[in-house]
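Q: Letter by letter, the chains look like this.
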Amino acid sequence: MVLARMGPLLVLWLAVFLSGTWAVDRGNFKTCDQCAFCKRQRALKPGQSLYRALLETLELTNTKLTLQLINDNNKVRLLLELYRLQGNMTRVKINELKPLKPRFEVPDVLINDPPTEPLSLLSQDENGVVLSLGADSQRLIVSAKPFRLDIMEGREVLLSLNSRGLLAFEHLRIRKDTQVDPEGAEKKEETDAANEPAEGETAKEDGMWEETFKSHTDNKPNGPSSISLDFSLPGVEHVYGIPEHADSLKLKTTDGGDPYRLFNLDVFQYELFNPMALYGAIPVMLSHSAQRTMGIFWLNAAETWVDISSNTAGKTVLGQMLDYVQGSSETPQTDVRWISESGIIDVFIMLGPTPTDVFSQYASLTGTQAFPPLSALAYHQCRWNYNDQEDVAAVDQGFDEHDIPYDFIWLDIEHTDGKRYFTWDPHKFPQPKDMLQGLIDKRRKMVAIVDPHIKVDSSYKIHNEIRSKGFYVKNKDGGDYEGWCWPGNSGYPDFTNPEMRAWWASMFAYDQYEGSMENMYTWNDMNEPSVFNGPEVTMHKDALHGTWENRDLHNLYGLYVQMATAEGLIERSGGVERPFVLTRAFFAGSQRYGAVWTGDNTADWDHLKISIPMCLSLGLVGVSFCGADVGGFFKSPSTELLVRWYQTGAYQPFFRAHAHLDTPRREPWLFGPENTALIREAVRQRYALLPYWYQLFYHAHHSGQPVMRPLWVEYTQDTATFSVDDQFLLGRDLLVHPVTEEGAKGVTAYLPGKGEVWFDVHTFQKHNGAQNLYIPVTISSIPVFQRGGSIIPRKARVRRSSSCMEHDPYTLFVALSPKRFAQGELYIDDGHTFNFDKQKQFIHRRLSFANNALSSRNLAPGSQFITPSWIEKIVILGASKPSKATLKTPDGKESLLEFEFDASMSVLTLRKPGVNAGVDWTVVLQ
Amino acid sequence: MSCALLLLLMSWALAMRTGAAVEIQRPRGVPLSKRQFYEENKPFTCLDGFSTISFDRVNDDYCDCRDGSDEPGTAACPNGSFHCTNAGFRPAFIPSSRINDGICDCCDTTDEYNSGATCQNTCREMGRKERESLQIMAEITKEGFMLKQQLIHEAKRGQEDKQGKLTELQGSKKDLEEKVEALRTVKETAEDPEKEAKERHLKAWGEQKELIRMEKDKTRMAEAFLELDDDADGYVSVAELQSHLELDPDSDGSLTETETQGLLGGADKVDTSTFETVWSGIKDKYLSEGQSDPPAPVETPQEEETRDFVSDHYPEDYAGEEEDVEEDEEDDDHEEEEEEEKVPPTVQTPEKRADDEVSMPPYDTETQSLIDAAQKARDDFDEVERALREVDDQMKNLEKEIGFDFGPSAEFAYLYSQCYELSTSEYIYRLCPFNRVSQKPKFGGSETNLGLWGQWAGPEDSLYSVMKYDHGQGCWQGPNRSTTVKLTCGKETVVTSTSEPSRCEYLMEFTTPAVCQEPASLDEVLQGHTEL
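Protein sequences appear in the order of chains A and B.
Here our numbering is used: position 634 in the first sequence is 634, and no number is missing along the way.
Here our numbering is used: position 267 in the second sequence is 267, and no number is missing along the way.
Same shape as in the complex, but just chain B (with noise of 0.2 Å):
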């Protein structure tokens, strides 16, 4: 049997930092650190403890521990683990089912010694190559590090430089609120006055306007009295007021002698002046013989005022609103506020009342100078009122910044509200840390929506090593788009690659010098990786 051969083949180990050649016997396969299991000649009692069996029976190609461990250096057991020592690169462990393969899987061949196949050992040149991108890589952390430093730095200065914005914006938002608020009682202030002022305008205005009606009514009272006296005896009788239907006063379509009577207040005819009184009662249903349409109600001169001052000032106020409207929209808050002031147009149009009736005479000098100063004092607190509006919407934005989850020293920061991209041969992909994920299509068509910022979404250990884009597109029959960006440490800020290993499941590659650890000592770093 071949396999006989293969009994306690011993293998040899360099030890390399020395650089000189050290014996040490142990049964193929086993590591340095387990030699002391495998002594010659004594029965071996399988790791597990589980069976004993004589030596011979390790590396016998027959598997007879349950755990695998008398078979170190053979195939014979389907849980068996097999170690290389690969002097001058990295020593390993690899399943015992790759011994004897035909593949080359330890560089220092030891793992395919009975199989046929020519491998070269490429140990030393794989740890060079090893030790040189290691050098290389080293090389960028350390670069990278030096550079996250200052991000990080910059960041604190960033950070301290937005939350002094943020302090100084609260200040200023403070003094704004106080003088919004004195703002308000000057605006307040001047507005008694001139809410005064133009109310007795307007009163004066309303008081010659009842004059005038008032002699109106007389002169149609005169009209309909020489309408009424149709024998012209100077006297209203019961026969001649009882053709005015429109009296009625149960409107049962027929005027009795009482009721007309009645309507003359109990005589049978009235004079001139006794009319004065009969009038009052009956002129908002009287018609004039000569006209057949109802009289337009009458309206109080109080609304009329009301409207006149409405269309006096509204038009003004709406102008002053109008740049605001879109900001408005934002903040509701001053929407409500200004509600009052916007009263919406009224359907009547003021020229054209304005034709029916007399114009409401100029401010006097006095009043003109009140509304004036009022008016000032409306502008001054609007002003100071945007202002507050202003510095509130930067606080937020600054607040939302500074909301972010950077990483633990904000060495991310400087990718907020930047973006990267990358070329392919069909698309060129963007990056916009933080915010979002996208695709456009070199040669026309539309931008596709990859993903929106989602989370940091690295293992538990190296949280800050994967950003996770989701909720983009929508997929024909499938999910939305999203985006994972896997973060390395590289001195540039760069998209390396990207691809879609699942459809809609994109993943990118970022360097930045923000993930970069600070370096170990190369010799650290080789140490750690070359067994004696």
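Chain A with its partners taken away, still in its complex shape (with noise of 0.2 Å):
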């Protein structure tokens, strides 16, 4: 009854994107030689540019410069405006100086109408202008014939835009064939250029005005209005970012092959290692050398492709050896290219100079990570589907019985009465309130799926409220805008309307959603928007958003359903509590709203191994709450992939077992005693370190510093560190390599920083940093390190769901360096509501081990809360044996405690010196 129960629709989808194939089909998404407009700017190659600034426009007023551009072929001319914006950023707008119609503008993704700093004019001549950017020397030069700009600091070129000439403008024009083109005349006269290509016959094979994709055609009633512009970093070699790929943390070169696409797709069966687009998109482009990191942040919503070539490339190393031993080297340099369908060019060029920096300009730009409350932090459980409310009890009964903790349980698609979403099935989940109850009797949560399509069916509540307020995204002809999904037929709410979201939000209330509680938190599937039978598996482009075509902001669509659901849920609290909202699409701002994994992926190995660059990359662009569903999302592990796969999901920040319909189930406990037993601890070392998760996504939250970073963020001079994407960091302070091979026997880790030293965080033996450090592994190993020099906090008493551990006790581990030092912090507050926010009632506190003392002192001295949480145990890794263990507390009061010390590890343990976690103490070893 497989097919038959899926519905005819899902026969339909399957035999349409499956033909009988485990793999992505290709063909049924674009290469850029399939898509006009990429084609069309992909055929512009590298030269002089079109475009000239004319010099004489030039006005400088306190917060930007502007300026035009003229192309020198078809007249059009092109308004510049700079900004330099505070934090060490310049902001370069280009749209057309008076286009027919205004040009889409990416509303919503800044927080804030970017601050300005003053620029001043160093000099001007004839052949361009010198600005100053402030500090560092660092100045602005633009070039004016052929237009150019460059950011110096000092005599080194630290950027450049359109050096390569590939500036690129489609202006807005009135179709040839149909209309006479007021500019016609003097264009016929005109070479035409390779951006500018003939219109009328020749436009139709362009696809300027119609373009055709399978069977789907596209009509552009604004013809082409595609840009580019073309950026040169010398001294790079290494460029990361523009999620979101199934591809290595290191972006690769795209000559010969096709750009890396962004543009939000469903993909069925997505392969690895390929520039292809997937669910999200994120415009932002990290550069790093040893000397300075630096991002590109290309604020465009529309189908946008980015090339990347690189002088170096293809050289073997042994080729870059002789290069600097002849001293016949260039520079090395990474060009990249963007291209955009249509809108505006906005980039905001953020020079660091270091990956902190960074993202501090792009969190300022665009805002951190939501804090999450802390349960969504622990493990979540989920799988298509949990068929009842029956089944649910008995998965929640089975964590008890064999002692696993969990936070969460989810409910997919067939929760629903018909896949209408904010429904239940009432054969299924009778009585919904019942059965959240029984969680919140545990102390644990649910997430219920609600997706953005919406049922076409009249007996259907929220379909017709979106009807009548004329909500829907409409189509090209102004009817409402209709496509397949899980329902069958779907409306698809246009979430850019503002009183749309507002509407959407209420829709969460308790008094809306029935059988909603307050345990209950949102997941948003199928957001891209997914559309089974539309071009690509998405809208068409020629939709309509209000005035806005699809095409315009595709992109966007993920972060509004997002926000409208995110919304949703503070306001059903009184905008008391956190929100906890899952999304699949996303864009440049999406971290403010909630957690995003990396969609329908398979359980292999490679999967497993590519989920971390994939977070990796997340991360480096702000969206820190990431995670791949642990086990595959389609077919089915073997076992030790699963336990594998646990221990790495352990150590990822969304921590989510998933699995497709049609898998056999695989809750933990179902593969024998010894594996339950070994995916017990995986989930269990996640608990006991949830205080540390805590306070890293409080420091995400506060100042957008990744959760999970890149080595080469914390060792920016080490230039092994540069492409390591098989391991990665939690914070500064633990290192992580997983183990991702079949059968592995060993890993091997690289553990950075000269003159540091790491310790196993389950033997606690000592390592030496610079060296990659072989490590003997076992089924039940996962290679952890920390950080000579760092204090962790964990909670050692793992219960069955984080909310039990609340009150719980602190186990401190000091690691000393080996100038016997360590510092860490330590972050509590209620775990769910924003009055760590709104009142400042939390506690954050340094810990600071020198001088043979460890204190702990309030980071914020203006916030206050008050805990029953102690401190338990202190556990001193690299330490000597003390004669006296001293506790010091603020009332003046001396306690002796006792330890134990393991000479043969240096381990130093400190008994019980039960002091609340809030306050001032000290204890000094003698």
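Be a bit skeptical, because a hint or two may be false.
[Said to hold, decoys possible] Distance condition first, Cα-Cα at most 20 Å in a straight line; then the derived DMTMM-like pairs of lysine to aspartate or glutamate:
#1 Lys-218/B x Asp-161/B
#2 Lys-173/B x Asp-380/B
#3 Lys-873/A x Asp-56/B
#4 Lys-173/B x Glu-191/B
#5 Lys-285/B x Glu-215/B
#6 Lys-428/A x Glu-390/A
#7 Lys-486/B x Glu-390/A
#8 Lys-162/B x Glu-509/B
#9 Lys-635/A x Glu-505/B
#10 Lys-428/A x Glu-509/B
#11 Lys-269/B x Glu-227/B
#12 Lys-64/A x Asp-150/A
#13 Lys-218/B x Asp-271/B
#14 Lys-635/A x Glu-271/A
#15 Lys-428/A x Glu-500/B
#16 Lys-635/A x Glu-500/B
#17 Lys-198/B x Glu-366/B
#18 Lys-165/B x Glu-509/B
#19 Lys-428/A x Asp-380/B
#20 Lys-428/A x Glu-426/B
#21 Lys-486/B x Asp-391/A
#22 Lys-873/A x Asp-67/B
These are calculated hints, taken from the structure and not from any lab test.
In this text the structure is predicted, and so the values were computed from the model without any measurement.
Assembling the complex is the task here: the two chains are given apart, and the hints tell you how they should meet.
A: The structure is reproduced here in structure tokens:
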């Protein structure tokens, strides 16, 4: 009955997209060559720019410089705006001076109008102008003919724009074969440049006014509108970011292949190690060299392609060395080119110079990671689908019987009444509140899915309201846009409309969403949006969101869905509770609304491996709350793979097991007692480390620093780290090298940091930094190391959910540096409300070990919070044996602490300081 | 430290049997059975013997023992366990991580002594409910067990019946085999004279036909002589014969004088009487001057007779066998035995031949009576042999049924060849024990096979509590459907629920008295669940 129950629609979908194979059908997705604007733009080769700056039009105000550019071929003028932004950033905006109609500028992504700083003119002549960018002798040089921009520091060029002459702006025009083009007469005499192809006859070939892919025709009433710009990064060999792609952390050059594509798509069974577009798009690229880290944020929500080339790519290490020795080497350089289908050029150049600076700079533009409820950092149990209330109860019971903690159980689409979101299947989930109360009784929670496609059904309240309010996305003819998705024929609410979002948010109120309770949170899937019968399984580009085409803002849709949903969860609690919303599609700024996952992955070893670079890439561009389906969504993992995936997932930010409907059940206890024990241990390690995770998320929220970091972020000078993506750091202090090889007998981890030491968190064995360390592994091994010089708080009493551990005491793991120093933090709040922010109700303490004394002092004097939690134990790694240990508390009392010393591993354990976690204290070793 | 308050908080246990309250002091979370290891004010040695600590470190909310035994009443040790007495209900151990976690785990509330959780003591209520349900279960078990005895009895009787039937069938099989042999002899005995008489008849007819043929030949020879004797001189000469090229012995296209002479026996010409010898040499080739086609090959009377024999008898036999065809397909042995009799019909139809040839005269009365007798013997033989086959079939079915594993006392035998249905909102599920499980949509659509009888699949200690049906209809990109049937004790034989916990792996709950265990007395049941 499998197919019958999935419904005829799915059968159709499967027939179309599966074709009986277990891999992505690449034919369903465009290559650059099949995408008219990408093909047109890529035909333009590097050379002298067609554009010239008209210096006589230069205007300099307090906040910006404006200047007109002209394309000497077609005389179309562009307006350049340059801003110097606070925090060492430069913004470059280029639009048509007088567009036929307004071009789309992305709203709602920047958290504010970025504050500017004055630009001052240093010099000007007929060749251009030189502007000061403030400190560090940074200058911005505008060259007039050909037009280019260079940002310099001292004598060094940091970055150049249009140095390869790939600035191209397809101006809006009137269709020539139907109406007279006012510019037509002039243009006939001009030689057609590559980026200004002839119209009329060739227009159809070039896809300027119409384009057909497979059976879908894209009507383009606005004609060609694409834009392009190149960036050169001298001295740079490593660029990162522009997720989402199933590819290595270090971006590859795209010469001879397709560019990296940014276009939110529901890709069935995606393949690894290629530049194809996936569910989300964040047009932010980071460049890194031992000297400097910078970022380029291309604020455009239309379909975008990114070409990367390098003058050192393809050269062997030996070749590079020869170049060096012979002195014939040119400076390494990476060239990047961005191409978007519509909108304007609006680029933020984040000048670093450190990775931390770039993270702060980007955070100042688009905001930081939402601070999740603490429980959302714990373990999530999901499956398509938990069949009914009894099933949910049985799985919940299973976790208790096998003594495995979990916080959230998830319900996929089958829980609804016929895929009508906000409803419940009356047979399978007749009493949702009873079910949720059962979870509350265990201090656990639930996530139920709410997708954005709405079943077209006149007996469905949600549909009727959206239709009557005119909230649906419209097709090009003005009717409600309809497409096929899980429920069959579906409408797509226009989430770009703030009124629509407000209405959507109101649907999460407890009196609107029947059966919902305060421990039920939300999952937004399919929000690319997925349209089974649409072009490339998504919405037609000529569909209308108000006056804008989907073409203009496609990549924003998913962000808005999650935004409206998160707003709904906040509102339902009267603004008190932090929301938790998982999304599949995302854009720059999505980090403000919750978590993302890497979509429908597959149960094989390569997909386990790719989860690391995929989440690292997201973390670099603001999205810290990232995870991959543990076990793999499609297909069934071997037991070994499942265990290894739990061990890996336990150390990745979003930790959720998920499985496809057609796979056999895989709750953790179904693989024999030994494997149950292995999975239990992995999950328990996660729970014990929750205080550290929470603290990292607090920082991500507070300052935009990623939780899961590539090594180079902390070891910026160590070139050996620049391409590492089989291991990662959590914060600064934990290094994780998951075992991702089948049958592995050992892994080789790179421990960075010359002169540093790392401690194995399980054995406390000390290893020196700046070495490749071979670590023999068994099936129970999860290689994790704590940096010497750090202090990490844990809760050793793992209970059945994170809420149950709320008031439990802390164990502090102090890993001493070779200089017998260590530093860490402790962050505590109520774990679920906004009171930490609105009422400063939190504890944030600095823990430091120096001069044989460990102390805790307040990092946030303005805050206040009372915790019953206390310090249970202090474990000092790399210690020597003291004669006595004295605890001093603020009331002036001193007491002796008992301790144990393990001489073989140099581990000192202080027994039960018992002091409250929120107060000042010092332990002195003598 | 509030945890200091927890030091040595003692728990109380009620001895419920006597109803009298007896105080037994021991550290929180310690079961009565381990009380002696926790002696107040004496150093405590961890139960694994690894280390010894002062008694004030027992339940001081810090884990000192590797085995967690110093913190039976706090959550300090990751591997500890807490004992709740649960007076009025069943005592239990819970992982110590559940102490003061805000969730009431022990019905006597003793696990939540410092979490702020408001727990109600529900032990008495639970005890009462459990006793009630145990009572109900016990009654069901009792009645079920009685029914089971009946089932066993019936199965035994059924088994005996079947065994008896089998023995009986074995007897009749033997009889029938003997009878078959006897009738085979009778048949063969009757067929011998029949065959002889038929042969005689055929021979006579053959001789008669030979006479006719010879006469025909003579006539033809005379005609040929007249035809050849062109000059009507009463002799056939070399020249006269030489025009008949078809007689050329070496077939080289010319008939030489010498060759012709050879044909004439060396003579130049022959008269009528000598021609008789010549004729026998040339008659096969000779073409009448008025006809150009070669003569149809002359068939030997022998062949002719054989065909007629077949055509005479085959239709009867064939008609007789037709009804048995299906049975025969199931039974190759029989088919082979009868192969000889079932000669397939020849290509030439007998009717056509009858036109050309003189039909055989009817058998004489004597022969006919012999044939009739033989036919009767054949019919009798066939009938008994058919009966033997039927007996064989019955025996096979019986042996199959007897061979099934119907449980240690054949208590599941009554399920054989029965089917049980459960109707859900979408489907009708059908369980035919020892045969198959299927699912049929309620509102149209074809039935899906969810598995064929595989084997008993319960755990070692209760093999007969689970049935496994597998190799059902294949799933899209998945395994073949299979169903696990869990059997529980009940008075009725019913399918109580079905589910599909994993794609294409079905689970069915089925109650039957056949799994009811001999009930312990209710007192024993309750006693087993209550600590004093």
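Q: If a hint holds in the structure, say so; if it doesn't, say that too.
A: Against the structure, the hints come out as follows:
{"no.": "1", "hint": "Lys-218/B x Asp-161/B", "result": "violated, 80 Å"}
{"no.": "2", "hint": "Lys-173/B x Asp-380/B", "result": "holds, 16 Å"}
{"no.": "3", "hint": "Lys-873/A x Asp-56/B", "result": "holds, 18 Å"}
{"no.": "4", "hint": "Lys-173/B x Glu-191/B", "result": "violated, 26 Å"}
{"no.": "5", "hint": "Lys-285/B x Glu-215/B", "result": "holds, 19 Å"}
{"no.": "6", "hint": "Lys-428/A x Glu-390/A", "result": "holds, 8 Å"}
{"no.": "7", "hint": "Lys-486/B x Glu-390/A", "result": "holds, 17 Å"}
{"no.": "8", "hint": "Lys-162/B x Glu-509/B", "result": "violated, 30 Å"}
{"no.": "9", "hint": "Lys-635/A x Glu-505/B", "result": "holds, 16 Å"}
{"no.": "10", "hint": "Lys-428/A x Glu-509/B", "result": "holds, 18 Å"}
{"no.": "11", "hint": "Lys-269/B x Glu-227/B", "result": "holds, 15 Å"}
{"no.": "12", "hint": "Lys-64/A x Asp-150/A", "result": "holds, 17 Å"}
{"no.": "13", "hint": "Lys-218/B x Asp-271/B", "result": "holds, 15 Å"}
{"no.": "14", "hint": "Lys-635/A x Glu-271/A", "result": "holds, 14 Å"}
{"no.": "15", "hint": "Lys-428/A x Glu-500/B", "result": "holds, 13 Å"}
{"no.": "16", "hint": "Lys-635/A x Glu-500/B", "result": "holds, 18 Å"}
{"no.": "17", "hint": "Lys-198/B x Glu-366/B", "result": "holds, 10 Å"}
{"no.": "18", "hint": "Lys-165/B x Glu-509/B", "result": "violated, 35 Å"}
{"no.": "19", "hint": "Lys-428/A x Asp-380/B", "result": "violated, 67 Å"}
{"no.": "20", "hint": "Lys-428/A x Glu-426/B", "result": "holds, 12 Å"}
{"no.": "21", "hint": "Lys-486/B x Asp-391/A", "result": "holds, 17 Å"}
{"no.": "22", "hint": "Lys-873/A x Asp-67/B", "result": "holds, 18 Å"}
In the structure shown, a violation is registered for the earlier hints numbered 1, 4, 8, 18, 19, in ascending order.
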